[in-house]
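Student: Going down the list, the protein sequences come from chains L and X. If you use the working numbering, the first sequence corresponds to residues 1 to 113, in order. If you use the working numbering, the second sequence corresponds to residues 1 to 109, in order.
Treat the hints as calculated values from the structure; they're not laboratory data. Only a predicted model underlies this, so the values are computations on that prediction, with no experimental measurement involved. All C-beta atoms, glycine included, are put in the ideal place defined by N, C-alpha and C. Some hints could be false.
[To be verified] Each pair of labels, with its calculated beta carbon distance range:
#1 X:Asn95 - L:Asp71: 34 to 40 angstroms
#2 L:Ile38 - X:Lys53: 30 to 36 angstroms
#3 X:Gly41 - L:Leu113: 18 to 24 angstroms
#4 L:Met15 - X:Gly41: 20 to 26 angstroms
#5 L:Gln64 - X:Asn64: 38 to 44 angstroms
#6 X:Pro39 - L:Asn28: 42 to 48 angstroms
#7 L:Lys78 - X:Phe18: 43 to 49 angstroms
#8 L:Gln17 - X:Pro8: 26 to 32 angstroms
#9 L:Tyr50 - X:Thr12: 28 to 34 angstroms
#10 L:Glu1 - X:Ser104: 25 to 31 angstroms
#11 X:Ser7 - L:Met15: 21 to 27 angstroms
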Amino acid sequence: EPEVTQTPSHQVTQMGQEVILRCVPISNHLYFYWYRQILGQKVEFLVSFYNNEISEKSEIFDDQFSVERPDGSNFTLKIRSTKLEDSAMYFCASSEDVLDEQFFGPGTRLTVL
Amino acid sequence: KNEVEQSPQNLTAQEGEFITINCSYSVGISALHWLQQHPGGGIVSLFMLSSGKKKHGRLIATINIQEKHSSLHITASHPRDSAVYICAVYSNTGNQFYFGTGTSLTVIP
């Protein structure tokens, strides 16, 4: 069964460093998403991506965040200068259509020291 | 302000019991998702609803658009149903996803 994959599973970084989180969505899906979940808190929407551009983003997704689909398979989230409060689990998801069921990746746990 | 409210926050049930988890939302929506988050953190989509009712195995989800309310029912609950159940809505103004805080379900054998 096709699945969304994410790498790395755990990333530890120093405050101020740049990190890139990687996702491989399901191959025939057209919509891609990033979410984050701070430990003990609810899941929060960051951004949705369609047709090689951002379709929607939340207030959380400020200038330090960017997304890219560098090739036909990867979908990346870059955080330019990490802060302590960026420590969270980051989930990637994909769907065939915006109102379709989303398939989630296993998440990347980001720890900023 | 929470656009999505779930109740109860925590729920403990005996195996075999019928379980209901409720979700109320305050925004206009295009769709509502029920998600299951396992103790290890992984998230699985259970249902996507825009109207009416859907059934999958022992799970049933209903939505009342006029009342801005959805319910997730689990029949004949089993310990493997123990997880956090999350309601999320796709707002039709601003096209944002809003998540509830989740309902933590524990089913005791």
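Student: Decide, hint by hint, whether the structure agrees.
Tutor: To see whether the hints hold, each was checked on the structure:
1. X:Asn95 - L:Asp71: 34 to 40 angstroms: With Cβ atoms ~26 angstroms apart, the hint is violated.
2. L:Ile38 - X:Lys53: 30 to 36 angstroms: For Ile38 of chain L and Lys53 of chain X the Cβ distance comes to about 34 angstroms; the hint holds.
3. X:Gly41 - L:Leu113: 18 to 24 angstroms: Holds, at about 21 angstroms.
4. L:Met15 - X:Gly41: 20 to 26 angstroms: Hint holds: Cβ distance 24 angstroms, inside 20 to 26 angstroms.
5. L:Gln64 - X:Asn64: 38 to 44 angstroms: holds, 40 angstroms
6. X:Pro39 - L:Asn28: 42 to 48 angstroms: Given about 31 angstroms between the Cβ atoms, the range is violated.
7. L:Lys78 - X:Phe18: 43 to 49 angstroms: holds, 46 angstroms
8. L:Gln17 - X:Pro8: 26 to 32 angstroms: Given about 41 angstroms between the Cβ atoms, the range is violated.
9. L:Tyr50 - X:Thr12: 28 to 34 angstroms: violated, 41 angstroms
10. L:Glu1 - X:Ser104: 25 to 31 angstroms: The hinted range 25 to 31 angstroms holds for Glu1 of chain L and Ser104 of chain X, with Cβ atoms some 27 angstroms apart.
11. X:Ser7 - L:Met15: 21 to 27 angstroms: violated, 38 angstroms
Of the numbered hints given earlier, the model fails hints 1, 6, 8, 9, 11; all others are met.
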